[in-house]
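Just so you know, the sequences run in chain order X and C.
Per the numbering used here: the first sequence = residues 1 to 180.
Per the numbering used here: the second sequence = residues 1 to 411.
Quick caveat, the hints were computed from the structure, so don't treat them as lab data.
Glycine included, C-beta positions come from ideal geometry on N, C-alpha and C.
Be a bit skeptical, because a hint or two may be false.
[Unchecked claim] Facing chain X, according to a computed beta carbon distance under 10 Å, are these residues of chain C, among others:
1) Thr64
2) Met147
3) Pro148
4) Thr149
5) Leu206
6) Met209
7) Leu397
[To be verified] Restricting the straight-line Cα-Cα distance to at most 20 Å, the calculated cross-link-like pairs of lysine to any residue (SDA-like) are:
8) C:Lys36 <-> X:Gln150
9) C:Lys36 <-> X:Arg32
10) C:Lys36 <-> X:Asp30
11) C:Lys36 <-> X:Ser56
12) X:Lys31 <-> C:Pro216
13) C:Lys36 <-> X:Glu154
14) X:Lys31 <-> C:Lys178
15) X:Lys81 <-> C:Gln401
16) X:Lys81 <-> C:Gly395
17) C:Lys193 <-> C:Gln267
18) X:Lys31 <-> C:Thr37
19) X:Lys31 <-> C:Val38
20) C:Lys36 <-> X:Ser155
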Amino acid sequence: MTNYEIRLSGSGGQGLILAGIILGRAAVLDKRRVTQTQSYGPESRGGSSRADVIISDQEIYFPEATSFDCLLALTQEACDKYLFDLRENGILIIDTTYVKNLALAAENTYELPFTEIAIEKLGSPISTNILSLAFLVKVTGIVKESSLKQSISESVKPAFVDLNLKAMKLGFELAAKYQK
Amino acid sequence: MQKKTKTTKTAPKPTKPTAEKPDSKLGELQTTRERKTVLMQGNEAVAYGALDAGCDFFAGYPITPSTEIAEILALELPKRGGVFVQMEDEIASICAITGASLAGAKSLTATSGPGFSLMQEGIGFARITETPCVVVNVQRVGPSTGMPTSCAQGEIQQSRWGSHGDSPAIVLYPDSVKECYELTIRAVNLAEKYRTCVILLLDEVLGHMREAVSLPDMANVRVISRIKPTVPPHWYKHYDKNQKYLSPLASYGEGYRFHVTGLTHDQLGFPTNKVTEAAEMMDRLRKKITYNIRDLVQIESYQMEDAKIAIFAAGIVARAAKAAVAMARLEGIPVGLLRPLTIWPFPDEAVRKMLRDVDIVVVPELNQGQLVREIQRLVKDRSDSKLIKIQRVNGQLISPQDILSTMKEGM
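One chain only, chain X, in its complex shape (with noise of 0.2 Å):
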């Protein structure tokens, strides 16, 4: 099974279903198979929320992911209900700004402030979901940049273009630095 799992988890509103299906648009991109679902609440704003993507070579039969390669979390709440199901060596990405408390180390753990730092560098939290889907492009290189650079482009409205490019830009930074 050569499927890799990815579990984009935290609150509704923070854009985790877009960046679900940024992610897989930009698989696409890269000619491979992709599979996107989704949980949410009736409520648009508040409540839990997640987005998987499985990017594979192969047909994808079941098309949530059980046992992730990459987890991102943005709340606490998504952490704790979501951690235990990280694959071994998998890779942990949390939002320190909500999550305060790890129940598990896990082996490749990244913690960035990403809210704070859209706050700061963007002026607004409303790019957390690009940022840090960059910051996870860049450390997993499940897709090629460039296709994920393609993928915003045709999937958020033109006037956020822009914005939402330079929070790619600024997660690729943040993981190069990171990851040094």
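With chain X held as given, fit chain C onto it using these hints.
Below, chain C without anything else, positioned relative to chain X:
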């Protein structure tokens, strides 16, 4: 000899911008949507399937998790000269699509549990009046409003028996985004061919799920449209008993006169209480389905050749089952999957064969035992086959691991 009279060829003539050529519809469809591989949602695939099948009328009331279907058709239908109407409720929606179909449109609606319940009487009306139409039901957790964004398969039996009176149903059940597209086209085609209301069942997860798909060129899409009468108007019988079970269908406004009623009717469509005519009508409704089982039933058989254990599952659960088969095969356990793409009429023949060939049948489903009822109905003559049930109604999917571990416990 019958004299051929000239009637309008294909009926749908909704309001079109005058500048447009009548058959620019397909050409436009092909160019406006790029036929390359894209990330597409199940609901989107249903909407594009409907358009490619030639649907030109949608009436509905938006409801999670089916809303995207209405959303897309609201944008796309008017561009192609079709009609989109947001109705006041689901009862009006099913009535509107039935009426539009009688006027010659290929029509559909999309809904979920609460709306599907409201539509039941109208579905019966479409069946007794033999009016082609399609109802898409993207299932969510019930009863009542339940959990709108969670997945369930609660309407497997309702889609068969939900409408009162004893009439057969055609119900299709896809398991991937690509199949959402294909089976929507098939649903429209079967509705036109068999003059009945065809139901397409989707799971919430499938409706919302996105997958990389490439849709076929329009040239490769097979579209079936209702047979038009060739007799002069005064010879026309709306339910012609000499035409076997699939008689031609005129539309209102074409010069043919016919009567449409929900009452039991004769071949001209007028109400009757005569026992012979009532029996004829009911026979006709039944036989057009039962005599065409081979055309209607579609199943997928996956790794069943040497299987000693079979999983029988539909929709999104079959995806988990397929993964479970792959995992079990790696451990050397001979498991296969039988998946109905048509759940009604039920694939009795294929299931009987499965029951003959295997020792254990596993039936995972997101309800409290609706598919397994049908297996039990057929298993009677072989009590030594073991039946393992996996049922869940809390909104969570059944995972491949769930199926594998339950199967091993029961082995």
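Hints versus structure:
1. Thr64: Constraint on Thr64 (chain C) satisfied, holds at 7 Å.
2. Met147: Status holds, d = 8 Å.
3. Pro148: 5 Å, holds
4. Thr149: Holds, because the Cβ-Cβ distance from Thr149 (chain C) to chain X comes to roughly 6 Å (cut-off 10 Å).
5. Leu206: With Cβ-Cβ at 9 Å, under 10 Å, it holds.
6. Met209: 5 Å, holds
7. Leu397: Hint on Leu397 (chain C): holds, closest Cβ of chain X at ~6 Å, below 10 Å.
8. C:Lys36 <-> X:Gln150: 16 Å, holds
9. C:Lys36 <-> X:Arg32: Holds, at roughly 13 Å.
10. C:Lys36 <-> X:Asp30: Distance of about 13 Å is within 20 Å: holds.
11. C:Lys36 <-> X:Ser56: With a Cα-Cα distance of about 19 Å, the restraint between Lys36 (chain C) and Ser56 (chain X) holds, given a limit of 20 Å.
12. X:Lys31 <-> C:Pro216: Distance of about 17 Å is within 20 Å: holds.
13. C:Lys36 <-> X:Glu154: Roughly 15 Å between the alpha carbons, so the hint for Lys36 (chain C) and Glu154 (chain X) holds.
14. X:Lys31 <-> C:Lys178: 17 Å, holds
15. X:Lys81 <-> C:Gln401: 19 Å, holds
16. X:Lys81 <-> C:Gly395: 17 Å, holds
17. C:Lys193 <-> C:Gln267: This hinted pair holds, its Cα atoms lying about 18 Å apart.
18. X:Lys31 <-> C:Thr37: 8 Å, holds
19. X:Lys31 <-> C:Val38: Holds, at roughly 10 Å.
20. C:Lys36 <-> X:Ser155: Holds. Lys36 (chain C) to Ser155 (chain X) sits at ~16 Å (cutoff 20 Å).
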